[in-house]
Amino acid sequence: MIDVRVELPLPRFTLRVEVRLGAGVTAIMGPSGSGKTSFLEALAGLRRQARGLIALDGSTWLHSSKGIALPPEARRVGYVPQDAGLFPHLTALGNVGFGARGEVSAVETAIDTLEIRGLLHRYPTSLSGGEKQRVALARALATRPRLLLLDEPLASVDVALRERVLPYLVRIRDEWSVPCVYVTHNVGEALALAERLVLFRDGHVEAQGPPLELLGAPGVTRAAESGIENLLAGRVVAHDANGGVTRVQLDGGPSVSIPLVPERPTGARVTVAIRAEDLLVAVEPVRGLSARNVYPARVIAIERTGVDVTLRCALTDAGPDAAWLARVTPSAVEALGLTTGSTVWLAVKSHSVRLV
Amino acid sequence: MAALSTLLILPLGVAAALALARYQGPGKGAVETVLSLPLVLPPTAVGLVLLELLSRRAPLGAWLAARGLEVVFTWKAVLLATAVMSFPLLVRSARTAFEEVDPRLLGIARTLGCGPVSAFFRVTLPLAWRGVLAGTVLAFSRALGEFGATVMVAGNIPGKTQTLALAIFHDNQIGRDDRALVLAGVTATLAFAALWLTEWITRRRARRAHA
Numbered sequence: 001m002i003d004v005r006v007e008l009p010l011p012r013f014t015l016r017v018e019v020r021l022g023a024g025v026t027a028i029m030g031p032s033g034s035g036k037t038s039f040l041e042a043l044a045g046l047r048r049q050a051r052g053l054i055a056l057d058g059s060t061w062l063h064s065s066k067g068i069a070l071p072p073e074a075r076r077v078g079y080v081p082q083d084a085g086l087f088p089h090l091t092a093l094g095n096v097g098f099g100a101r102g103e104v105s106a107v108e109t110a111i112d113t114l115e116i117r118g119l120l121h122r123y124p125t126s127l128s129g130g131e132k133q134r135v136a137l138a139r140a141l142a143t144r145p146r147l148l149l150l151d152e153p154l155a156s157v158d159v160a161l162r163e164r165v166l167p168y169l170v171r172i173r174d175e176w177s178v179p180c181v182y183v184t185h186n187v188g189e190a191l192a193l194a195e196r197l198v199l200f201r202d203g204h205v206e207a208q209g210p211p212l213e214l215l216g217a218p219g220v221t222r223a224a225e226s227g228i229e230n231l232l233a234g235r236v237v238a239h240d241a242n243g244g245v246t247r248v249q250l251d252g253g254p255s256v257s258i259p260l261v262p263e264r265p266t267g268a269r270v271t272v273a274i275r276a277e278d279l280l281v282a283v284e285p286v287r288g289l290s291a292r293n294v295y296p297a298r299v300i301a302i303e304r305t306g307v308d309v310t311l312r313c314a315l316t317d318a319g320p321d322a323a324w325l326a327r328v329t330p331s332a333v334e335a336l337g338l339t340t341g342s343t344v345w346l347a348v349k350s351h352s353v354r355l356v
Numbered sequence: 357m358a359a360l361s362t363l364l365i366l367p368l369g370v371a372a373a374l375a376l377a378r379y380q381g382p383g384k385g386a387v388e389t390v391l392s393l394p395l396v397l398p399p400t401a402v403g404l405v406l407l408e409l410l411s412r413r414a415p416l417g418a419w420l421a422a423r424g425l426e427v428v429f430t431w432k433a434v435l436l437a438t439a440v441m442s443f444p445l446l447v448r449s450a451r452t453a454f455e456e457v458d459p460r461l462l463g464i465a466r467t468l469g470c471g472p473v474s475a476f477f478r479v480t481l482p483l484a485w486r487g488v489l490a491g492t493v494l495a496f497s498r499a500l501g502e503f504g505a506t507v508m509v510a511g512n513i514p515g516k517t518q519t520l521a522l523a524i525f526h527d528n529q530i531g532r533d534d535r536a537l538v539l540a541g542v543t544a545t546l547a548f549a550a551l552w553l554t555e556w557i558t559r560r561r562a563r564r565a566h567a
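In the order they appear, the protein sequences are chains E and Z.
Residues in the first sequence are numbered consecutively from 1, following our numbering.
Residues in the second sequence are numbered consecutively from 357, following our numbering.
Rather than coming from a laboratory, the hints here were simulated on the basis of the structure.
Don't be surprised by glycine CBs; every beta carbon is placed ideally from N, CA and C.
Treat the hints with care, since some could be wrong.
[To be verified] Stretch-level coverage of chain Z by chain E, calculated; a stretch enters the list once three of its residues show a Cβ under 8 Å from a Cβ in chain E:
no., region
1, 413-424
2, 467-473
[Claimed, not checked] Sample of chain Z residues lacking proximity to chain E, with all beta carbon distances greater than 12 Å (derived):
no., residue
3, T389
4, P399
5, K432
6, E455
7, R460
8, L462
9, I464
10, G504
11, A523
12, R535
13, L537
14, A549
Full structure from sequences and hints, please.
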C-alpha cells in the first residue's frame, strides 16, 4: 500500500493529488495536460518542487514537513516513459542491465518475462516500437522496483502491435507483484489491466473507483469520448471452435457471441465493448441475418447527438439498468417510426463485439 | 605545450559547458559572452590583458610572485595563453553536445539508481563525447597555432617559450625559410593526425551504434 498526497506547481495550475495505490494496477486517465505525466515524475522523484507525502510500507519517499525528499536513485521506481526512453548508446542488454546493480537473477527473469532474449545484442535504433517498449519494461523490472510507473507505454505503438504488447503487461501484473501506476488514453487498456481507475482533470482527481463502474456508468461522458459506448462485463461460458465463436454470459443480461478467443478459459471474467454505431436497429423480429447476436429491447430515450441520434434501449432479457446505446441517423428514426417506448430488436455481428 | 594546455582545459571546459547547457537562469548570456571574448578579440589584446594581470605591478601578479610563481615570459605563460585562447572553442562545442542529450534520459538513469555524477559518466558523456572530442581537437589545433596572445605574455625565447607557431615566424624573419617550412610541415602533420583520428573514431563508433 502506498499513500500519496502530492502538490506540485505547474505552469497552468497546481497539481493536487491524493490517492492510495494498492497492489495491482492503478490506471490514470484524463485529458492531455491534466498533469498525469507530472504526477508520475513526482512519484519518481524527478520533480524537486513536489511537496507532500509519499509513504510505502516501511519507507518514506517524501515527507515535506519533515524535510524528507528521497532522490530518484534512492526510491527504486521502475519508470517507463511514452517513447521507452532507451539509452541509444547501449545495446538492449546494456539497457536492461543498466540499473540492476549486479542482480543477475532479476535481469534474467525480466528478459524472460518480456521475451527479449533474441534482441539483447541490438541497439535501440534497430528495434521496432513494440520491441523498444518491451526492453524498457524489462529495464524497469530488472531493478526489482517497489513501484512501476508506466506512462502510456502503448501510445506510440500501432494498434496491431498494441495487441501484442498488452499480454506482456498482463504478465507483469500477474507474475511480478509490484504496484503499478499506468497512464493511458485507452479505455480498453484500463479495463484490461487496472483494478482501479483515477480520472484526472486540471491537476486534480475528478473521480476514482473500479474502471468498469467509472467508464460504464451512464452519464459518464468519458466512455463516449473513447468511442466505445457499450462496455459490458461478463464471463466466458463456452468456446465453439468449429463455429469460430466464444460465448460470453453478460452479468445480469443475455449472452453474446464474440470471435473465438481460446486463450481466455471458460469462467474467465472479461469485458466486451460494442460501439453504438455497430448496433443495427430493427422494428420487427430479425430472421435470416448473419449477425449472431439479436436482442429484443425497448427504446427508453431518444437523444439527438450532433448529426446522429442515440437510442437508449433497455434489453428485455436484462435488468432495467442495463441500457445499451445505439446510434442511428435521423432518417432511420423517421423511417422506422421510432418513439420512446418502441419495441426494437438490436443486432450486432460477432466481429463488432470486441474483447477489451 | 598545446597538448598540455588542452589537457588542462578539458575538465574545466567540460564543467563550464555542462553548466551552461543546464543552467537557464539570469546571467547566462553574460557568462557566455565573457567566455567567448577570446574568439572575437585580437589575440594580442587578450595577451595584453593577461600580461597586465600577471605583471608584478598588478595585484594578481604580485600575489603570485610573492609565492615564488613567476608566470610572465616563462613556459607557464605559454600554457596560460594557449589555454585561454582555446577554451571557448572547447566550451562551445561541448555545450552544444550536452544540450543535445535528452534530459529525460538522465531522469531515467536516476530512477535506475544512478546518482547525478554516475548519470553524467554513464549517460551524458557517452552520448555527448563526439562533441566533446571535436571541441577538444579544435582547442588543440587552436593551441597549436596560437601566436598573438603567446607572444605578448610569454615572449619568444628560443628553447624556453618558443612554440611551433612562434618558431615559424621567427625563422622566416631571420631568413631561414627552409627551417620554417619544415616546422610548418610538422604542425600540418600534427593537426592532420588529430583531425583524422577524431574522424576515424567517430565513424567507427557511429557504425557500431547503427549495426
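Status of each hint after checking the structure:
Residues of the region 413-424 of chain Z with a Cβ under 8 Å from some Cβ of chain E number 0, which does not satisfy the need for three, so the listed coverage is violated. Chain E is given as covering the region 467-473 of chain Z, and this holds because 5 residues of the stretch bring a CB closer than 8 Å to a CB of that chain, at least three being needed. Consistency note on T389/Z: stated as away from chain E, and its beta-carbon is indeed over 12 Å from all of that chain's, at 29 Å minimum. No Cβ of chain E comes within 12 Å of the Cβ of P399/Z; the nearest lies about 37 Å off, and the non-interface call holds.
Its beta-carbon lying about 38 Å from the closest one in chain E, K432/Z satisfies the requirement of being farther than 12 Å from that chain. Every C-beta of chain E lies more than 12 Å from that of E455/Z, the closest at about 16 Å, which supports listing it as non-interface. Against the 12 Å criterion, R460/Z falls within the reach of chain E, whose nearest CB is about 6 Å from its own CB. Not every CB of chain E is more than 12 Å from the CB of L462/Z (nearest about 9 Å), against its label as outside the interface.
Residue-level check failed: I464/Z sits 5 Å from the nearest beta carbon of chain E, not beyond 12 Å. Against the 12 Å criterion, G504/Z stays outside the reach of chain E, whose nearest CB is about 39 Å from its own CB. The Cβ of A523/Z sits about 42 Å from the closest Cβ of chain E, beyond the 12 Å cut-off, so the non-interface label holds. R535/Z, annotated as away from the interface, keeps every beta carbon of chain E farther than 12 Å; the closest lies near 46 Å.
At the 12 Å boundary, the C-beta of L537/Z stays outside the reach of chain E, the nearest C-beta of that chain being 44 Å off. Non-interface call for A549/Z relative to chain E: holds, since the shortest CB-CB distance, roughly 26 Å, exceeds 12 Å.
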